[in-house]
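Colleague: Take a look at the letters that make up each chain.
There are 2 protein chains.
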Amino acid sequence: AIFAAITARLADGPLAGRHLLITSGPTHEPIDPVRYIANRSSGAQGTAIARAAVRAGAQVTFVTGPADVPPPEGVTLVRVETARQMLDAVEAALPADAAVFAAAVADWRVLSEAGRKMKKQDGALPQLELAENPDILATVSQKTEGRPGLVVGFAAETHDVLDNARAKRLRKGCDWIVANDVSEGTGIMGGTENAVTLVTSEGEESWPRASKDVVAEQLIDRIAEVLA
Amino acid sequence: AIFAAITARLADGPLAGRHLLITSGPTHEPIDPVRYIANRSSGAQGTAIARAAVRAGAQVTFVTGPADVPPPEGVTLVRVETARQMLDAVEAALPADAAVFAAAVADWRVLSEAGRKMKKQDGALPQLELAENPDILATVSQKTEGRPGLVVGFAAETHDVLDNARAKRLRKGCDWIVANDVSEGTGIMGGTENAVTLVTSEGEESWPRASKDVVAEQLIDRIAEVLA
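These protein sequences, in sequence, are chains E and B.
At position 105 of the first sequence the residue is numbered 243 (our numbering), and the sequence of numbers has no breaks.
At position 76 of the second sequence the residue is numbered 214 (our numbering), and the sequence of numbers has no breaks.
Please keep in mind that the hints were generated in silico from the structure rather than gathered at the bench.
Among the clues, some could well be false.
Claimed, not checked - Using 35 angstroms as the maximum straight-line C-alpha spacing, the simulated DSBU-like pairs for lysine-lysine come out as follows:
(1) E/K258 with B/K281
(2) B/K255 with E/K257
(3) E/K281 with B/K281
(4) E/K255 with B/K255
(5) E/K281 with B/K258
(6) E/K281 with B/K257
(7) B/K257 with E/K257
(8) E/K281 with B/K255
(9) B/K281 with E/K255
(10) E/K258 with B/K258
(11) E/K255 with B/K257
Work out the full structure, taking the sequences as your base and the hints as a guide.
Modeller: Right under this line is the structure:
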């Protein structure tokens, strides 16, 4: 009876019958079997958005890199490590009514991953040659077929936050950018709160600093309005 | 009464009155405010060793990088991020009767950490120039004053495990090396079990594969024998 009640509530939610694709967490790009390049991302904001989407009745595919926080319940969970794996998982999860790309995807990977642990005594210092990773947000935003109706990107910046976010929205071709300042003084990276500005084609809205759960609810409310 | 009983038990342990310095976890070496180079290390083996040392009555200083597993109870906890911070914390924790360096310290750091987030559209691919980190195990092993009576290093290898471990013991000047094979098929990295070979001046002992807790107990038993 309890289960039925919950199911009924979800089926009534503003996102009932909608499929949301949400990415979260960092990616890890291997250097050799024991070393990797990573982004700082706890996965807390992406996980909160997925939880809010589930509460709103959506069917959620949650593609996550190695995050600090446990994944949400009630989602189709896809765990990945690298940016390339994340793109594959995203492509496999389409079509979706909306896509929220909250993951901190590595822009670069190491060009030639070593199959064996690199040794210090091998001689000279290694130089890591980097190659550009696929751009998941741009790839999905610029699809001519099968593009989600609403594509939301994130911009974590340490300077010129709004200018960078506006330029990113146009460059990638996504509909919205959720911009935030992750510079050291803010305590946002790895913290429980967030202060974001939503950048759309119509302008910007700065939301008051709040818990990542509250920010997630607000974003899901806005997505539900657009999809309604 | 319960607290007194526990204290009494600890005071009776084979390492009562001894100070053990134990390092654990990976180090993170910043590239810019949002990116870093890391080692794969859950911190599970180092944490298990610290727990075993506490149970054996030792006073434990536990210097840990950003590990996946929570730190043990009953230790003096020092959290660090980079290899250089770990060396500083180790130096500050001396003198010690024994030191166990179970951390997976980054051999290299990025030469010029960027103060701002590097942008993809800045143009050419960034090349990461690396600089060698201080060698904590060698630094402490080769101290002429204030060297711990017993210095134990770890060698996580993906090939030629024993040859690499023997050479490492001589090169660093430590007393023992705990060697293990962390190549992919073993499931040791990030797993709950370990299979190690203890390399000393007298030769090698391979211990049967067991939980990291059992491996920790065995190592602490051996350390207690030496310090007795």
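Colleague: State for each hint whether it applies.
Modeller: Checked hints:
1. E/K258 with B/K281: Given that 35 angstroms is the threshold and the Cα spacing comes to 21 angstroms, the pair holds.
2. B/K255 with E/K257: Distance ~29 angstroms between B/K255 and E/K257 Cα, so the pair holds.
3. E/K281 with B/K281: 62 angstroms, violated
4. E/K255 with B/K255: 28 angstroms, holds
5. E/K281 with B/K258: 21 angstroms, holds
6. E/K281 with B/K257: 24 angstroms, holds
7. B/K257 with E/K257: It holds: about 30 angstroms lies between the C-alpha atoms, which stays within 35 angstroms.
8. E/K281 with B/K255: Between E/K281 and B/K255 the Cα gap is close to 28 angstroms, so the pair holds against 35 angstroms.
9. B/K281 with E/K255: This hinted pair holds, its Cα atoms lying about 28 angstroms apart.
10. E/K258 with B/K258: Measuring from Cα to Cα gives roughly 30 angstroms; hence the hint holds.
11. E/K255 with B/K257: At roughly 29 angstroms apart (the allowed maximum being 35 angstroms), B/K257 and E/K255 satisfy the hint.
Checked against the numbered hints above, the structure breaks only hint 3 and satisfies the rest.
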